[in-house]
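Since chain A is already given, all that's left is putting chains B, C and D on it; use the hints.
4 protein chains.
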Amino acid sequence: MAGSTLGTIFKITTWGESHGPALGVVIDGCPSGLSLDESQIQQFLNRRKPGQTAIATPRKEDDCVKILSGIFEGKTTGAPISMMVENTSQRSHDYSQISSCYRPGHADFTFDEKYGFRDYRGGGRSSGRETIGRVAAGAVASLILGQLGITLTTYTRSIGPITIDPLRFDPSCILSTPTAMPDPIASKEAEEYLKEAMASFDSVGGTIECQVHGLPSGLGDPVFEKLDANLAKAFLSVGAVKAFEIGEGCNASQLKGSENNDGFCIQEGKITKRTNHSGGTLGGISDGSPLLLRAHVKPTPSIFSEQQTVNANKEEVSIKIKGRHDPIIVPRAVVVVEAMTALTLLDALLLNMTAKLDSVRTFYGK
Amino acid sequence: MAGSTLGTIFKITTWGESHGPALGVVIDGCPSGLSLDESQIQQFLNRRKPGQTAIATPRKEDDCVKILSGIFEGKTTGAPISMMVENTSQRSHDYSQISSCYRPGHADFTFDEKYGFRDYRGGGRSSGRETIGRVAAGAVASLILGQLGITLTTYTRSIGPITIDPLRFDPSCILSTPTAMPDPIASKEAEEYLKEAMASFDSVGGTIECQVHGLPSGLGDPVFEKLDANLAKAFLSVGAVKAFEIGEGCNASQLKGSENNDGFCIQEGKITKRTNHSGGTLGGISDGSPLLLRAHVKPTPSIFSEQQTVNANKEEVSIKIKGRHDPIIVPRAVVVVEAMTALTLLDALLLNMTAKLDSVRTFYGK
Amino acid sequence: MAGSTLGTIFKITTWGESHGPALGVVIDGCPSGLSLDESQIQQFLNRRKPGQTAIATPRKEDDCVKILSGIFEGKTTGAPISMMVENTSQRSHDYSQISSCYRPGHADFTFDEKYGFRDYRGGGRSSGRETIGRVAAGAVASLILGQLGITLTTYTRSIGPITIDPLRFDPSCILSTPTAMPDPIASKEAEEYLKEAMASFDSVGGTIECQVHGLPSGLGDPVFEKLDANLAKAFLSVGAVKAFEIGEGCNASQLKGSENNDGFCIQEGKITKRTNHSGGTLGGISDGSPLLLRAHVKPTPSIFSEQQTVNANKEEVSIKIKGRHDPIIVPRAVVVVEAMTALTLLDALLLNMTAKLDSVRTFYGK
Amino acid sequence: MAGSTLGTIFKITTWGESHGPALGVVIDGCPSGLSLDESQIQQFLNRRKPGQTAIATPRKEDDCVKILSGIFEGKTTGAPISMMVENTSQRSHDYSQISSCYRPGHADFTFDEKYGFRDYRGGGRSSGRETIGRVAAGAVASLILGQLGITLTTYTRSIGPITIDPLRFDPSCILSTPTAMPDPIASKEAEEYLKEAMASFDSVGGTIECQVHGLPSGLGDPVFEKLDANLAKAFLSVGAVKAFEIGEGCNASQLKGSENNDGFCIQEGKITKRTNHSGGTLGGISDGSPLLLRAHVKPTPSIFSEQQTVNANKEEVSIKIKGRHDPIIVPRAVVVVEAMTALTLLDALLLNMTAKLDSVRTFYGK
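Residue numbers (my numbering), protein chains in the order written: chain A, 42 to 407; chain B, 42 to 407; chain C, 42 to 407; chain D, 42 to 407.
Simulated from the structure, these hints should not be mistaken for lab results. Watch out, some of these pointers could steer you wrong.
A pair counts as met if it fits within one copy or between any two copies, since identical chains are not told apart.
[Claimed, not checked] List time: in silico EDC-like cross-link candidates among lysine to aspartate or glutamate, alpha-carbon distance up to 20 Å:
#1 90 <-> 206
#2 355 <-> 309
#3 311 <-> 78
#4 229 <-> 114
#5 297 <-> 399
#6 355 <-> 230
#7 90 <-> 114
#8 407 <-> 127
#9 311 <-> 237
#10 107 <-> 127
#11 297 <-> 233
#12 355 <-> 78
#13 355 <-> 233
Here chain A stands alone, though its shape is the one from the complex (with noise of 0.2 Å):
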């Protein structure tokens, strides 16, 4: 199970199950001289906890981060910063039903086909519970992102049908309304539209938006290593995550050349785009203009209704799941989204130092 460490210069690894007595992060290749507390990895750690609202599962787990190493005196070191949550509310015998059945939409089988068995607590490895290890080291990213002006905002798009409105888009929503939508009315329409799938035992889809202004132009490498792809990438690796759009997106399929093509143009003595139909890149490289993310999420495969599937010993079962699932996973999820939008982000940063050589010179002063 390689596969748990990300990046090149901003390196992070993450370790942990829904079940067992804590899960994590490591961050190696943070730049030295960072304020950094927990506190502030926290504030990004709540925003994915559950147990908030009507629309979320109802266990109350406080996930509170420490840091174990790299910080001195309030800064990092540029030394691996470790931190940890503790698992404090897991009820394993809520999942003992299946442990030899293979839940339809969950990783049960791949997990049994890869590796012989599975931690078939919670999910294991394949828990939501994964990734808070991704947030708490977004949260950092974000943190020296910010300083460099860079912020992200990320948010809820839809929730089955309900979108919302462009006109009333107000970010200050997202972390007061439990859609994490950020439009008051579409969210109440949302929470509606959820009250009744949860009343039929049944769980929605919806999407996921992040816009990132300040970015600089210049990020990305060429070929395999554009920014989008990398985008693409860290977006399909959350879980649930079916489709991934930047920019016009899928519409893009649509357009002819006239439409799609934003021109240049100069504003305020800078070359900028009139539109922004590319969302933010050109070639695989950021433009100057702001970043248009868009994440595709499936519904919670933990539905209460019952289900028709097999076991580890090819007997066709049924099943009903038991136990606490959140009918929808988008609104927390919107932190995970960030956090690896600004994880990719910032790795691309610190890549692009090195492209010229003239910088180079300029840092060794010479």
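Structure of chains B, C and D alone, referenced to chain A:
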């Protein structure tokens, strides 16, 4: 411009510009013992060759591949396979007009921003010709996948508003229609649509679909190296791709859990899924059902109508692009998407061999 | 401070400082199905524990390892294995004197140069305690190697001028002599030599040797990833190691080809070498004969006599180092060198499984 | 045969066999803006050219390099630099005798074990000609280092028992003596020694030393990516190198702390070391003093006297190697060791630019 290397075990490095002496690729980590000659590679390259139809650029390029290393007595030795295609049909003067101005939708501006200057001849490294190396390497990957019973079917799914009809799906047409559509009627309609776009000096977008059959379960790693995450990266690394979907893709965000979940069942003694909304992966690991992948491709940015833009001196100018350009990227990109899929799958397939201790013991006879 | 991650498939990331709350390691890519509990790791850690003998630092540290993830029902699941040792015996005040001055032979100056400041408590990240993570991960690697019939024997070969006598070589003494010498007589002499050095407030160097038996042929890749190249890196990554040798090592530069070449012969129906001047590799690939590796370790830089140096204010000062320091690094570094060898070999062993197409076909049943 | 790629930011991939059509290298990640033409690369390649002296193989090979990509108007663009040397002087029939038997000291046996068969012509991928790509890439790295005031001086330190006298050290002789010794008197003696060895159909070993002046402090990362660890790997990746030393090297194991520690002092207002036993690094990070590196090289395994060995059919046979072989590897390997050093230093130098948050902020103007 790091970023020209892809893969962990089956690792490729592409090089070359549109108007340099040659383009090529080095494959490092190809298993030994594969029968390989240039004609097998050439078949794949021919699928991306220009100058073949009325809807493609009239450039005549032979794009003949030479294998320079890694083969002995007709078989791969395990050593790096270096392949090269010489550029024979460049007409540099076609491009001199755009040396100082930033074409909308192209990477001219971002390359200048990142590197301080650029090889402006024919797009240089951001040219579509860069994909020659990918396709040559993808051919080798495809040959190995083929020996393992894995087949890739890639085709144009839509051009502008015209989409293939699944009831008329005929894979034998992919290589015979100029659109690479597996539906001759849709293809004819699309050709008409393209001619109209060309008549108004415009270009159009479209979608590419890839189906993979015969893929074993177990490929891909949880967390960051999910199979779908790496496929998303591979797809978005192709210039002009603006969205990636797997299985239901964007549509998953509109579905309910009861609609989107794929129940398992037993067929011919094997565990399989009743439906395939997931598109072939669960938890980032292949589940043994077919992969269903989709790329959304923007319209060709080079259009022949006049466009407003700026030059490197920060002056607003209008340009009319001359030269030879396809009015649509999709048909020639089909084989590129197939190549990227093959490369990603083979790398995951090799990595997967080390997942279980039992496999390691069997390999070493202990 | 990228640089805390090692390995391609069996990948480890260490973290932690001498005087932080804890130190640890995450292993990503461990094959599933290995029986593993904390006592097996603890055995390896105990070999590097301080406070055990007259010639080691009198600090008493328990260095008790906890496994936080990756194990289910006593077996590795394929998920990352996170292991942690809490720091219990730090006395930060011991080190306050050196917060502002650069100790000769230590990394104080270079950390300040690179990162702008440093965690000066006990060497921070450059402390010997950093090796706890390596040894814990190396224990897991060694257990897997053991299941494949591969055994590592690592010991102190020399301390200052005193070298073990091959005729008295007794591996059972490695764990029982305080010097880790497999020769009780040399060990006694070395203890005397060390006491004299301590009496004059000085320290001494020595050499560590590692023999690997049972290694299959074929490990290592030609060119940059030669097995011996990665072993050299692994050895030199251990603080205080100043030279690496394989087989005849330095002596090879004095030999003639007729003396240094190892002729092949047939023994019990198998191809083997008559001699082993090469030390177990040919062309960077293991040849089936034992590996013979040697590390040369400098004397402990912390000595108790007065030394001339400078402080961060660029003033020349004299210091007398206080605190608790081993007069020799070698005996406690033996298990670290063994761990680094095991980690390097296991990674090469896993990578090697993909070298032949025939192996790939066999694995996938085609 | 993964293993042909080296480096994290300045990344090279070599390819080609002794008797294939060509050999080459791709550099990915070279900063843009370096003035570069083929003659600069050729100068480095000429230093490893055979056929120049009585003590080198009489093959006449031009080894003319062509640059195929990555340069525009005389400068690097940031795109991959592909360089190729065509093989012009292969005489395959020279090697046919050894197609079925395993030459002592060569990689014939291990390649067969790993890959199932091998390109037996002239050693194939394990030929010394593989280093052409390294030297071409090392030339580019050296040119960048030169612009930063960093100079590498590499030479033959000893041949068999004959060592240069430091009092006669004259770097201007390195390129003029056939031995690459910077001491004309030792060089003459070594030539005599070599002639005797050749007369008795034998070969000899020797040592190569590399000094690096002008290196800034701060290069290298703690833990696994120590500068000396990566240099050790780079050195041992050169075929025939059996030991690596930095600074006092092996001798450090014989010294006391009081002898081996380098006290700091102030010189011309800068912190420097009074002595340089460490050889230029502390804690794996460059300390601003010169690097002192040493490689021990085994004698050429191809000797013309009869040797006992086996063939692939597991029969014991005796062979007499024919063909053209240098009686010593060292003089022609000097430039290879220099190239490997330059490549390793440049990669560390680029990575180091991201160590401090202050540097990141300065780069992005925040």
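- Task: May I ask which of the numbered hints given earlier this structure violates, with the numbers listed in increasing order?
- Result: Structure breaks hints 1, 3, 4, 5, 6, 7, 8, 9, 12 and 13.
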